[in-house]
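Generate the whole structure from the sequences, applying the supplied hints.
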Amino acid sequence: MPYVLGIDVAHARTHAATRLRRGDGWEAPEPLWLGEQTPAAASALFLDDEGYLLTGDAAARAGAAVPSRLLTGFHRRIGDDVPMLIEADAFSPESLTTVLVEGIAEHAATQFGGTPRHLVVTHPGDWGDYRRDLLRRALAESGFTAVTLLPGSIAALYAHLPEPGAGDQTAAVCEFGPDGVTVTLATASGASGWVSRTSTEGVAPAAAVSTAFALAHSASVTPDSLAGIVFCGEPGPGALPGRLPCPVFAGPRPALTAAFGASSLAAQRTSPPSRRERPAAETTLLPRVDHPPELTERPARPPVDIKPFELPEPEGAAKLLKRWRPLAAAAAVLAIGSSVLIATLSSHEATADKGNTPPHSATLSSCARPGAAPTGEGHC
1 MPYVLGIDVA HARTHAATRL RRGDGWEAPE PLWLGEQTPA AASALFLDDE
51 GYLLTGDAAA RAGAAVPSRL LTGFHRRIGD DVPMLIEADA FSPESLTTVL
101 VEGIAEHAAT QFGGTPRHLV VTHPGDWGDY RRDLLRRALA ESGFTAVTLL
151 PGSIAALYAH LPEPGAGDQT AAVCEFGPDG VTVTLATASG ASGWVSRTST
201 EGVAPAAAVS TAFALAHSAS VTPDSLAGIV FCGEPGPGAL PGRLPCPVFA
251 GPRPALTAAF GASSLAAQRT SPPSRRERPA AETTLLPRVD HPPELTERPA
301 RPPVDIKPFE LPEPEGAAKL LKRWRPLAAA AAVLAIGSSV LIATLSSHEA
351 TADKGNTPPH SATLSSCARP GAAPTGEGHC
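First residue of the sequence shown: 1, per UniProt numbering; consecutive thereafter.
Hint data in this document are derived by calculation from the structure and do not stem from the laboratory.
Please note that a few of the clues may not be correct.
As the list claims (entries may be wrong) - If you anchor each label on the Cβ, the simulated ranges turn out as follows: (1) 112 x 132: 22 to 30 Å; (2) 114 x 36: 19 to 27 Å; (3) 112 x 220: 40 to 48 Å; (4) 109 x 37: 20 to 28 Å; (5) 137 x 73: 18 to 26 Å; (6) 190 x 82: 39 to 47 Å; (7) 64 x 167: 50 to 58 Å; (8) 37 x 82: 31 to 39 Å; (9) 217 x 52: 50 to 58 Å; (10) 141 x 167: 39 to 47 Å; (11) 146 x 217: 37 to 45 Å.
For every residue, glycine included, the Cβ atom is placed at its ideal position computed from N, Cα and C.
And the structure:
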């Protein structure tokens, strides 16, 4: 049967809840009975004589007889470089948490068959990416690949406000524990989900609500603007307030609130992401035109009166240059005319007597003698 599993690993007790798939939807969260007398079991491990680790109430019962082999508080120790020792055996804290999760998953598999579609495990609110990565890798090595890790306070929000809705939302969570109340302020924006923003630990139960309002005021949020305040954990009698300016959420079993919220988030993670509603397209109505109007003749172009632009009278050196420009032009014209005249006269001197050259006077030579015979020397 398809199901999802949410596990809330607290310091002293561990709670779990499941949601079953029915048709196209998920049923309401139901607690997974872990203890012998209560739904919760001890967050403990015990190393027996054969080298096996016992979990839950069985570990706590065996550890009462041999305390040296009992392991507690390992979930909060994830991220420490020093391993946890049991006699001569050393264990990393993340491996011990993985063993605890494996025991709960095997218990769920005996009831519903197979592994969960998705697993959500809670952790303390002061964890960063480093500690989450350590636990995520340890769970993946044990076969848990579809896993989501989130703070317990955020898981409690998903029990009562699984869908934050559109726009920015702000809510508060009051976790009642043996060391006081941990007040957390969380925000959500659209489909991004709840995210922890700030928290305060060790608050007196009577000051839980006023502390939540103070955290909201520091975030510029008025009490009546809060999406709600969730009460979870183990609130004592009279811890729940009366009328408040914002909604108050407190289930009949506050200790199971974080586990219920973890299973609700696990169901969301198995569903396809919902598409955000796109804003409606803006339209503009235009008047209907059955017959376009006839175009009139283009109007005559107005006359254009262009006036010449008069330059200002030059002054100084520019004025002297203007006076000398006509003289220089006249000198250039005279020079060109003189050159042409000289060239013409020179041409006439060279060619005037060329056709009337006087004949040269006759001279007597041996070559001009009549009847003289030529000699063999070839000259006269």
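Structure-based check of all given hints:
1. Between residue 112 and residue 132 the C-beta distance comes to about 27 Å, which sits within the given range of 22 to 30 Å.
2. At about 25 Å, the beta-carbon gap between residue 114 and residue 36 stays in the expected band of 19 to 27 Å.
3. A hinted range of 40 to 48 Å for the beta carbons of residue 112 and residue 220 is consistent with their spacing of about 46 Å.
4. Range check, residue 109 to residue 37: about 23 Å between beta-carbon atoms, so the 20 to 28 Å window is met.
5. At roughly 21 Å, the beta-carbon separation of residue 137 and residue 73 lies within the given 18 to 26 Å, and the hint holds.
6. Take residue 190 and residue 82: their Cβ atoms lie about 42 Å apart, and the range 39 to 47 Å holds.
7. Checked against the hint of 50 to 58 Å, the C-beta distance between residue 64 and residue 167 comes to roughly 52 Å, which is consistent with it.
8. Between residue 37 and residue 82, the C-beta spacing of about 35 Å keeps the proposed range 31 to 39 Å intact.
9. For residue 217 and residue 52, the hinted distance range of 50 to 58 Å is satisfied, since their beta carbons lie about 52 Å from each other.
10. For the pair residue 141 and residue 167, the beta carbons lie near 41 Å from each other, so the given range of 39 to 47 Å is met.
11. Distance hint check for residue 146 and residue 217: the Cβ-Cβ separation is about 39 Å, which falls inside the suggested range of 37 to 45 Å.
Comparing the model with each numbered hint stated earlier shows that all of them hold.
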